[in-house]
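Number of protein chains: 4
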Amino acid sequence: MNHILQELASVLEQRKQELADTSYVASLYAKGLNTILKKIGEEATETVIAAKDGDKAQIVYEMADLWFHCMVLLAEQNLSPDDVLLELQRRFNLSGLTEKAGRVK
Amino acid sequence: MNHILQELASVLEQRKQELADTSYVASLYAKGLNTILKKIGEEATETVIAAKDGDKAQIVYEMADLWFHCMVLLAEQNLSPDDVLLELQRRFNLSGLTEKAGRVK
Amino acid sequence: MNHILQELASVLEQRKQELADTSYVASLYAKGLNTILKKIGEEATETVIAAKDGDKAQIVYEMADLWFHCMVLLAEQNLSPDDVLLELQRRFNLSGLTEKAGRVK
Amino acid sequence: MNHILQELASVLEQRKQELADTSYVASLYAKGLNTILKKIGEEATETVIAAKDGDKAQIVYEMADLWFHCMVLLAEQNLSPDDVLLELQRRFNLSGLTEKAGRVK
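Residue numbers (my numbering), protein chains in the order written: chain G, 1 to 105; chain S, 1 to 105; chain U, 1 to 105; chain Y, 1 to 105.
Bound-form chain G, shown alone (with noise of 0.2 Å):
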């Protein structure tokens, strides 16, 4: 379950290549950086919905949309998913080396 956010964003690079209408990503390129930003308003707004309906399933699916929309800015201003990841691990003095620990589980 790790590497996924790194290797999305590898694939989200890899986009930036692409014509507007080969795919959904390039077309988010191509239209600039407010056509990504309301995405994040918009999916930040279904998550609410999905959590106050109770309902896991769509919580999930929603949440799934919110991140990804903040991967295609992260990769439209050429920042990395690590540079998020360590800021958290920053703030909450986290190792990054509970592989073995998880292992163990």
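It is worth saying that the hints were derived from the structure and are not from the lab. Check before you lean on any hint, since a few could be wrong.
Unchecked claim - In the DMTMM-like style, the derived pairs of lysine to aspartate or glutamate whose C-alpha atoms are separated by at most 25 Å in a straight line are:
#: 1; chain 1: Y; residue 1: K38; chain 2: G; residue 2: D83
#: 2; chain 1: G; residue 1: K38; chain 2: Y; residue 2: E87
#: 3; chain 1: Y; residue 1: K31; chain 2: Y; residue 2: D55
#: 4; chain 1: S; residue 1: K38; chain 2: S; residue 2: D55
#: 5; chain 1: S; residue 1: K38; chain 2: U; residue 2: E76
#: 6; chain 1: S; residue 1: K56; chain 2: G; residue 2: D55
#: 7; chain 1: Y; residue 1: K38; chain 2: Y; residue 2: E76
#: 8; chain 1: G; residue 1: K38; chain 2: G; residue 2: D82
Source: prediction; values computed, not measured.
Given the coordinates of chain G, work out where chains S, U and Y should sit on it, guided by the hints.
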């Protein structure tokens, strides 16, 4: 840089046992779902504003806030970040096994 | 310029009798509360983006979209824009009777 | 119930002359555009949550908050609520002249 979300999820799980006045996360759980959801809406807007300001450090900071409060929602709902990552993996047909490539770098 | 909200509320009330495919408003009622709420989240984000772009015409356009979808929510809940205006009047201790003063200007 | 928005706009205009620590509105102007926009995002989310809770009094309260901060944005941009009302009038082909009908009621 991997495992950060899983480590953070583990921290958030532990905080469920704590009294509301011992940590910010414990106070969020005590205030309940609506407070967590308000933070998601708030941080999404702050991410949009940071992006419009073209301030990369601020984008990372606000997106860390956004993902963090998403993680709190997942914990509150007894969901895991892996549920969201699995959904992204499924959608984008990602292997989840790029660890070796990562190590080579 | 007065009475616009009240007139619009009256139009929105009439649309409740219409079939979903006869107007945008009727289709919103048919799709239900979540769709109306998504639009409120969406238009709030678009208002923020327009303001960050410093585009006054776009701010007005997006805020009209936002207030309009708020009005649809009020109608769907059998509330009136006067309920919101009354709350603002109460908070700010407004007379609601500045018509004469307005004419003098 | 009419003229409330125009009266409120007049109050908001007066507050521009005040020091930041004399009123909430003056402090919003002093903190600047981003703070006003964050409040719009925040209050939109709170309106959504109130509606999902089916709490009509709370919907009115949060929507008053949302419209109020929209009014502060308009004032900050030297725009008027009439600009937004005119846009709604244009879109929905409203007369803006229902005053007589209102008096008859």
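Evaluated hints:
no. : hint          : result
1   : Y:K38 - G:D83 : holds (24 Å)
2   : G:K38 - Y:E87 : holds (22 Å)
3   : Y:K31 - Y:D55 : violated (32 Å)
4   : S:K38 - S:D55 : holds (24 Å)
5   : S:K38 - U:E76 : holds (23 Å)
6   : S:K56 - G:D55 : violated (34 Å)
7   : Y:K38 - Y:E76 : holds (14 Å)
8   : G:K38 - G:D82 : holds (23 Å)
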